[in-house]
Amino acid sequence: MRNYLLPEFRIIIGPECVRCLRCVRECSFGAMEVAEGIPKPRNQRCVACRRCAVFCPTGAISIRPLEVAYRTNSHWSERARQDILRQAQTGGVLLCGAGNDLDYPCIFDRLLLDASQVTSPSIDPLREPMELVTYLGRKPVNVTLETRSDGSFRLTSQLPPQLKLEVPIIFGAMSLGAVNLNVHRSLARAARELGTLWNCGEGGLHRELYQFGPCTIVQVASGRFGVHQQYLDIAAAIEIKMGQGAKPGIGGHLPAEKVTPEIAATRLIPVGSDALSPAPHHDIYSIEDLATLVSALKEATHHTKPVGVKIAAVHHIAAIASGAVRAGADFLTIDGFRGGTGAAPKAVRNHVGIPLELALAAVDDRLREEGIRGEVTLIASGGIRHSADALKAIALGADAVAIGSAALIALGCTLCQACHTGRCAWGITTQDPELAQRQDVEEGAARLVNLVRAWSTEIKEMLGALGINAIESIRGNRERLRAIELGEETTSILGVKVAGKE
Amino acid sequence: MLEFSAKNMSHRELNFALRQLVLSGEREIRVCGVCGHRYLGTGLPGPASITVEGVPGEDLGAFLDGCLIRVLGNAQNFVGNTMNSGQLIVHGNAGDIVGYGMRGGSLWILGNVGYRAGIHMKASHSQTPVLIVGGRSEDFLGEYMAGGVIVVLGIGCEGSTRPVGNWVGAGMHGGTIYVRGNVPGHRVGKGAKLAPCQEEDLTQLEVLLAPYCREFGLNLAALLGDPFVKLVPASPRPYGRLYVSSVGEC
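Top line first, the protein sequences correspond to chains A and B.
The opening position of the first sequence corresponds to residue 7 in the numbering used here, with each subsequent residue numbered one higher.
The opening position of the second sequence corresponds to residue 68 in the numbering used here, with each subsequent residue numbered one higher.
Don't read these hints as lab results, they were simulated from the structure.
It is possible that part of the hints are untrue.
Claimed, not checked - Facing chain A, from chain B, some residues (calculated, C-beta under 8 Å): (1) GLN87; (2) ILE186; (3) SER313.
The structure presented is a predicted model; accordingly, all values stated were derived computationally and were not measured.
Note that the Cβ used here is the ideal one computed from N, Cα and C, for glycine as well.
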């Protein structure tokens, strides 16, 4: 069949080119070839990942959208027309990586934080104490105390297991398979150094990383890949993955080409076999069934660690969250529709799920109404781009945020959305050993530590401006948020007043 | 052999007691009075042999790793959930989702099993999980199966078309299902296909069924004398051609 598709991008090599051919070596998509000693672009293969341009020693490369006009049509976007051609030529389900890229309104960008002026003093976090420590785990409804003879108190009730996070930012779940072992190594090292947690995702945990168990959340998903007693034993916490913001309601599919010996040994499946994660957990068709798996995992680990549930933000999120808390979830991860993925059908990624901000406010409200908000740790994830997003999420009701895409961007990811091809030029979502070695573990860990430290300092600055000296004082404190250009019903769900209102 | 009663114990107390006994070196334990206790044997360090009198609750032997649990009675749902190694033996019927995601060890049921038995069983390296059902199974036997062996003997439904339900092996992409008796084509799920049993299949069946028949006092020769059918994946890559990349070259 004839290919009617034009390339999306045009690679232009300027006169600064010194013919070192670095770009040819860097491009893993075959978009740079050599002809008579000079680099020759093959535009149709370019995904605009910028690898060649960043590594060009003379800055000779620019990448532009291919300028061939379509007649303007605000309904039929260029993307929509190109997608139709792609499907007409192949009959395939459109597959993509990263997160939802459509121009939906961003609620975070319509929310603004408060600051103290005159009547309540702000705090300078660089010189005064500022507490970001957050505890992940189930909190008791009440505690009993014993008064000692000297008048001091001692806690006599036994607390459920708690994990101390030095910062209210953890790394979100990314499986070995979606990303490679070097990325896992960097995440684990960074989490340990930061005093926070990373999440190995649903593809098991490589044995080399068992030493990072005390800062690792391990996942149990519908495929049960790599789930065994030792995996549960070494983890700091266990997360049952019910859903993912990028693809709510559907399963996963790691193609056989990505199942290398390393991944096979970690997932505990044969080399070169497809790894299918069923859409549902087939032992969970109800809240009662979810409670059964939560309890089974607690029983398997002798009630020594928090067991949580990750759910995608969908229409009935508040009721589902309430059920999950009642099912015994010690922490709840809510993943919004901007969350990333290693591979998802584009139709699902772009059109299923709801914004994190609304889901979070709805869940926080519902749990408060039912008097169970205090029992659970809420983690918000799905498109958290900077420290202000993180702080707004906490003000809307989260205890902490999880970052995935932001962490990968710190490692070089450019959101080119070619994760599913396995050819990531930045060595992040590829299992090709030559490409994977582009991720330097120590440098990657340092980048992640830098990012989270910088965000933490910014969060402290914003808290100081709010006149607050502990992160828990802003949690669910929506009075310190104001909305602009949001409809009445949206602000009512968010529980946020309009900017300018007292 | 140490014996005790689980009567008036919660499931947590029962599991705690079992764990303490195994940790103190007890290798043979008999528990009577079991009635709906969930997660029995979960998180138990092996090897140990536990005999259970009564009906354990859901998730019997979940994540089992090396222990042998023998139930003298029926079992409920999710028997052997995500089990890694060891042996689960049920002298009765079992409920739905038996052996979900199991990747090693063996799971023997004397009677019938419910829906979605052996779902997403997977072999791994040196491990091959085995699920043997003496009676019949309901729908979706071996759904998403990625490895291992399931045998359904259909004892008691001889001559009928019901040793297994509908959609057998739907989405199957690895492993083998053997059924004694007849599986009509309309019961075969998308992704699986029927194949005749060869000599090596019968050899494998004999190896798998000999200890099973000894456990339950069944006549091995008589069972093996009957015809078996085999279900295998129609393709190891059932979804290999489903997708097209939304970026890059088409």
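Hints, one by one, checked against the model:
1. GLN87: Violated - the Cβ of GLN87(B) stays beyond 8 Å from chain A, reaching only about 11 Å at its closest.
2. ILE186: holds, 5 Å
3. SER313: holds, 4 Å
Against the hints set out earlier in the document, a violation occurs for number 1 only.
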